[in-house]
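Quick note, the sequences are listed as chains A and B, same order. Counting with this note's numbering, you get residues 88 to 394 for the letters of the first sequence. Counting with this note's numbering, you get residues 26 to 302 for the letters of the second sequence.
Keep in mind that the hints were calculated from the coordinates and are not lab data. There's no promise every hint is true.
To be verified - With a Cα cut of at most 30 Å, we get these calculated DSSO-like pairs of lysine-lysine:
#1 194(B) <-> 95(A)
#2 324(A) <-> 194(B)
#3 141(A) <-> 194(B)
To be verified - In silico negatives: residues of chain A with every beta carbon more than 12 Å from chain B:
#4 120
#5 158
#6 222
#7 305
#8 324
#9 379
On a predicted model such as this, the values are computed, not experimentally measured, just so you know. Yeah, the Cβ is synthetic: ideal placement off N, Cα and C, and Gly gets one too.
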Amino acid sequence: MRASTTTKGLMRANRLWVIGSLAPVVVLLVALTIWPVINVAILSLSSLEWSDGKADLSFVGLANFIELFTDQPVYWAGVRNNIIFAVAAVSCQMVLGFFMALSVQRASKIGRGVLTAIYLLPIVIPPIVIGAMWRLLLGSDFGIVNNILGFIGLGPFDWLGSARLALPSVIAVDIWHWTPFVFLLMLTGLESLDQEVFEAARIDVLNGWQELRHITIPLMLPTILITVAFRLILSFKVFDEVFLLTAGGPGTATEVINFSIYRVFFGQDNVGLGSAMSFLTLFSVAFIAILANAVVRRWRRNKEVHA
Amino acid sequence: MTPRSSGLRAAGGNLVVWGYALMIAGPMLWILSNSFKRQIDILMGVTIAPATLSNYQSVLFSRQSDFLMNLFNSAVVAVVSTAIVLFVATLAAFTIVRLQPPRWVTYLVLGWTLIFHMLPTLTFVGSWYVMFAELGLHGTYLALILTHVVHNLPMALFLMTGFVMNIPKELIQAARLDGCNYGQVFRHLVLPLSLGGMAAAGALAFIYSWSDFAIALNLSDKDTMTAPVAIATFAQEYQIRYGEMAAAAVLSMLPALAFILFGQRFVVRGLLAGAVK
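Excised from the complex, chain B in its bound form (with noise of 0.2 Å):
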């Protein structure tokens, strides 16, 4: 290959990759300056408007407005959610691969839950709907994170199986030889070890709890609404206050910017190790 045209190559390369990425900034671009514009500036196609932070301060403070409320609850879901599917996806993984329960309940376990995974949300929702509302649960912080854990819990599982393989299994031994019962070992060995893993595990569960919508929609009722169930009231409202759905969605935004910024490389890793299996 002459050197002139792999230059030529590199430099066609660079520009599918750059004009890509800017189809994808553009929009979301498009919709934060729209956050900072008064509605009647957005409806004239204003494309430099004098910036306010008006939208900010009536989607989070003004009276009409739950969305602080949302978030918080969104918030709430999202963690609890997280720190439990961590905990118990972890020791399942542990037991799964380094203590040979019976086969059948690993298949039981790992073969089901990579069914679940398949399986479309909403057949499930109209179930939960059911059982929750007998139980007198509908609509309460339960609810939504016992859910939102199944709904995470295949990820967590393929993740934390694979991480947990990679602690050498000389190192379980020579704890359990020193006298150490399962739980010291999974304590001081598997836990520390694997917190890499729980990083990816526990950065997706987040972001998909975070931006769950089909369970919260139908499960959750006006005092544990979510963030996103909020944007999609603010999208159905007959006069809609473009502004402010933009900041609210600009809002609903920012932890997964915080992944992005501080965490990368702990996403890509879950997203990778989660889709080929």
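For reference, chain A alone in the conformation it holds in the complex (with noise of 0.2 Å):
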């Protein structure tokens, strides 16, 4: 055995070893997200001209955020349009993710394979496909929904060109695509559960309703609180979709944060304020991230205590 046998070669073998494994994780973490962040910053009070592939910044003061709060409606409108996005995707997404999976656990267990196969494909495939796919059924003109719906003498609408229908036509295909998943992480909740409770329960004949009520949902909220606040947050990353679908049109109908911010920074070149939409929306998404972490986190907490 070589001379790493003494305890303080052992002990010096330990931290290069602590400190080597964690060294790319660490590098790739402070290169490429903590100084973006401290970038994003700087580049919000600055003003950036490329000279020769040279970024040249003048400092502009607060000039970026006064503009962002007093001459943007368009950063605001996309704002309000995330909000309600989320808000109608998301509780629609829950509902139907929920009932399916209750559905499922009666239904007979032949073709599990196919159907998962099934639910998994919307999650998988890339959603700029998802955009591509759905701008060519909703298309006014041949798209394939508008004819189904002239069979029985509606429409034609305009589902993606109407700054009526476009916000919800985007939300509908938000909620196509994001539902399978809800309903496999609400099949594993109701699957992991303990099925004793509900033979107790049906022996004390409870209806459907009831057991629902107050056996189901009490077991299964710390699952159905976790999803709903992950999807909330994750559909403040929407962007893919949109872009293909109506890029934040009619108008500012289908706005949304992202697409600002695409926009300003590499459609108008505009880095300044480009920066400091990130910035704004990167302290407000971050800020509400840690809330909703700690609320549940304390909902569990006070939970095991009364339990």
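Work from the hints to combine the two standalone chains into their complex.
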């Protein structure tokens, strides 16, 4: 055996291993996640010009933020739409996903593998493909949705082009996209519940509704809460589908936060204002995420104390 | 409960679940059928049209189309970034779970990645763009690979810490007593025992990297453009070629379909473990 059998050598080898094994992750995180946050803060206080591939920064103080708060109605329309989008889409996904999971539990087990495969499809194919697909399906001239509605004498509707229908259409696509995911989470949750409680409920002659209200939902509440928080926060990431379906239009009808950032940063080349938007968005979402986490945690702890 | 009412319930359940499955599969099948139709049949709304491979032919092999290269770019970026993120995350997960590094390091790495995971990607892309442009790395594979690694790092770390935690402590202690150093423990014990976990994390990392649009849209250029970005440009052309767009969409779904057919177990395990954390 080598010299590292002595305690001191061993300690040093240990420490070297700890440092070496964490170094790649720490370097990646600092360079590509922590520095960008600092960078975006610096950029938001500046105006940037490119000269020969070199960034030329000049300090402009809070000018970008003042513009953001006073002269950027598009961003605020995006914030509003994003909140409507998140609440509407997530609540529908939760209700649909939960009741579908309940019905699967009662359905026969035949074809479970095929079902799971189909339900996984929207989760794993590129979101941009989903955008492209629904753009074709919802097209106003020869989209198949209008064709089908035409058979029963309805329409044609301009699903993506009219100010009134565009946001509901985008929400509907998102519900189609993410309900299977909620469904899979709910199903796993339901199947992990203790079946004896339900046996007891049946002996106590609770009907289906009572069983749902007094047993299933309370037992599932932790899973439900976590899924809601998770989906709500992720719906502020929406970008790909909106990009292809409506590009934020018509007007600002389907503008979402990410799309404003993209347009200002890359479309208008206004790095300063784009950074100010990014900075504000970053800190608001981080704040909400931490708050949601704290609430879920506290709620769980209370639950344990009372149980 | 009477047997009759439970039979009815089962039938109702079946109806709901298979009905929704049809709603998911329907649009996909429609795209698939469009990819085998001529433009004129699609525009005329012909349901049963003579099948043609011309869309695939022109998407893949015509001189105006770069889609074969786009698919290749997607594959390079997805394979390399998945390999890196798996290695880096498993290494870090082992140390964090079993070697008790200073507390603040653990909190920093796991806590920050959890927050980072929830932040909209677009809020970082602008900053990445400025950074890589200044370094002269804009539009390179390196820029795409590194950002994809970071993007998938939170998921890979959460999954791998979970899986490494399932490796019995005693096993590692025994190996240490036999004189293995940590490098050997990692190579001969942790890596083989966490292969299942790595398959789950790897499947997801590959799928996410292959699907990424927001990053590649802004950090790639003509030569490194990935398939999703190419599909978006397809759809935005003034004269949309529907058949070719459908063919491109179908081609870019193939990896996901392969995962569902051959690695369903890993995808499901990864998705569920990642979501509930």
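Cβ separation check - residue 158(A) to all of chain B, threshold 12 Å: Per Cβ check, residue 158(A) is outside 12 Å of chain B; nearest 20 Å; holds.
Pair hint outcome, residue 141(A) versus residue 194(B) [Cα-Cα no greater than 30 Å]: 52 Å, violated
Least C-beta distance from residue 305(A) to chain B larger than 12 Å: Residue 305(A) is indeed farther than 12 Å from all Cβ atoms of chain B, at 18 Å.
12 Å cut-off, C-beta based - residue 324(A) kept clear of every residue in chain B: 5 Å, violated
Agreement of residue 194(B) and residue 95(A) with the hint, judged by alpha carbon distance not exceeding 30 Å: Satisfied, since the Cα-Cα distance of roughly 23 Å is no more than 30 Å.
Minimum Cβ distance from residue 379(A) to chain B greater than 12 Å, as the annotation requires: Violated, because the least Cβ-Cβ distance between residue 379(A) and chain B comes to about 9 Å, which does not exceed 12 Å.
Exclusion check [residue 222(A) not at the chain B interface, CB over 12 Å]: 6 Å, violated
Reported absence of residue 120(A) from the contact zone with chain B (all CB gaps over 12 Å): At roughly 5 Å from the nearest Cβ of chain B, residue 120(A) sits no farther out than 12 Å, so the non-interface label is violated.
Satisfaction of hint between residue 194(B) and residue 324(A), Cα-Cα up to 30 Å: 39 Å, violated
When each numbered hint is compared with the structure, violations occur for hints 2, 3, 4, 6, 8 and 9.
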